[in-house]
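> What follows is each chain in one-letter form.
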Amino acid sequence: DAGITQSPRHKVTETGTPVTLRCHQTENHRYMYWYRQDPGHGLRLIHYSYGVKDTDKGEVSDGYSVSRSKTEDFLLTLESATSSQTSVYFCAISESVRTGPGGLFFGEGSRLTVL
Amino acid sequence: KQEVTQIPAALSVPEGENLVLNCSFTDSAIYNLQWFRQDPGKGLTSLLLIQSSQREQTSGRLNASLDKSSGRSTLYIAASQPGDSATYLCAVGGYQKVTFGTGTKLQVIP
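The listed protein sequences derive, respectively, from chains A and B.
For the working numbering, count along the first sequence from 1 and bump the result up by 55.
Counting along the second sequence from 1, when you hit position 34 you're at 33 in the working numbering, and nothing is skipped either side.
In short, the hints are calculated from the structure, not lab data.
Hints should not be assumed to be uniformly reliable.
Under the rule of at most 20 Å between Cα atoms (straight-line distance), these lysine to aspartate or glutamate pairs were calculated in the EDC-like manner [unchecked claim]:
| id | chain 1 | residue 1 | chain 2 | residue 2 |
| --- | --- | --- | --- | --- |
| 1 | B | 96 | A | 134 |
| 2 | A | 125 | A | 150 |
| 3 | A | 66 | A | 109 |
| 4 | B | 41 | A | 93 |
| 5 | B | 0 | A | 111 |
| 6 | B | 96 | A | 109 |
| 7 | B | 104 | B | 26 |
| 8 | B | 0 | A | 114 |
| 9 | B | 96 | A | 150 |
A short, non-exhaustive set of chain B residues, derived as facing chain A with CB atoms under 8 Å [claimed, not checked]:
| id | residue |
| --- | --- |
| 10 | 41 |
| 11 | 42 |
| 12 | 100 |
The structure presented is a predicted model; accordingly, all values stated were derived computationally and were not measured.
All residues carry an ideal CB built from backbone N, CA and C; glycine is no exception.
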């Protein structure tokens with residue numbers, strides 16, 4: 056299994072509070088992604104990173120920011136959480152933007168509930 | 000815009016049956032296609048990855064095929080077992096973007 060750790064795995068917070076989710080990888084893969092998974096919508100890309108300090112937006116990036124100061128860590132921040140951001144968040148990694156010979160590898164997910 | 004469809008959304012079969020899961024995509028300009036399995040409350044586990052130049056990949060009881068020209072991929076599961084019960088997702092890799100289907104939820108009945 057790919058070495059991907061997400062923290063926290065579960066979090067309950069209140070509307071308007073900031074939240075940071077962390078993804079840590081031990082595979083030294085260049086690309087890291089944050090997805091959210093919601094019933095009826097499947098997996099949607101929030102942001103991705105193609106190197107240290109290099110990030111770009113995905114299809115549902117509003118209300119989210121990311122940072123990558125080290126190859127192994129990719130942080131997702133909700134500056135002011137809203138109920139619509141209640142979801143399961145997945146981190147994924149790949150060797151290349153075309154998902155390389157090994158494809159995408161996923162973490163176990165972080166379940167966020169915004170009350 | 001790439002659209003990926005998986006039909007049916009849910010499937011229930013008796014143990015031992017061979018089955019086929021379908022994945023259709025609208026844009027044939029893809030780099031690869033990946034099949035995943037997701038158990039309830041868990042992350043996605045990669046099953047098979049097919050590069051655009053390949054026609055199929057096999058792993059144990061699983062065989063995935065790819066027909067780019069028709070925009071279709073199938074995942075064949077031989078001799079299904081209750082432990083195969085999960086949601087199966089396909090993901091189509093395009094230029095700088097991977098598009099996921101919404102999955103087929105499989106239940107294998109003992």
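> Next step is simple, just say for each hint if it's right about the structure.
Status of each hint after checking the structure:
no.	hint	in the structure
1	96(B) / 134(A)	violated, 25 Å
2	125(A) / 150(A)	holds, 16 Å
3	66(A) / 109(A)	violated, 27 Å
4	41(B) / 93(A)	holds, 14 Å
5	0(B) / 111(A)	holds, 18 Å
6	96(B) / 109(A)	holds, 16 Å
7	104(B) / 26(B)	violated, 24 Å
8	0(B) / 114(A)	holds, 12 Å
9	96(B) / 150(A)	holds, 14 Å
10	41	holds, 6 Å
11	42	holds, 4 Å
12	100	holds, 7 Å
Checked against the numbered hints above, the structure breaks hints 1, 3, 7 and satisfies the rest.
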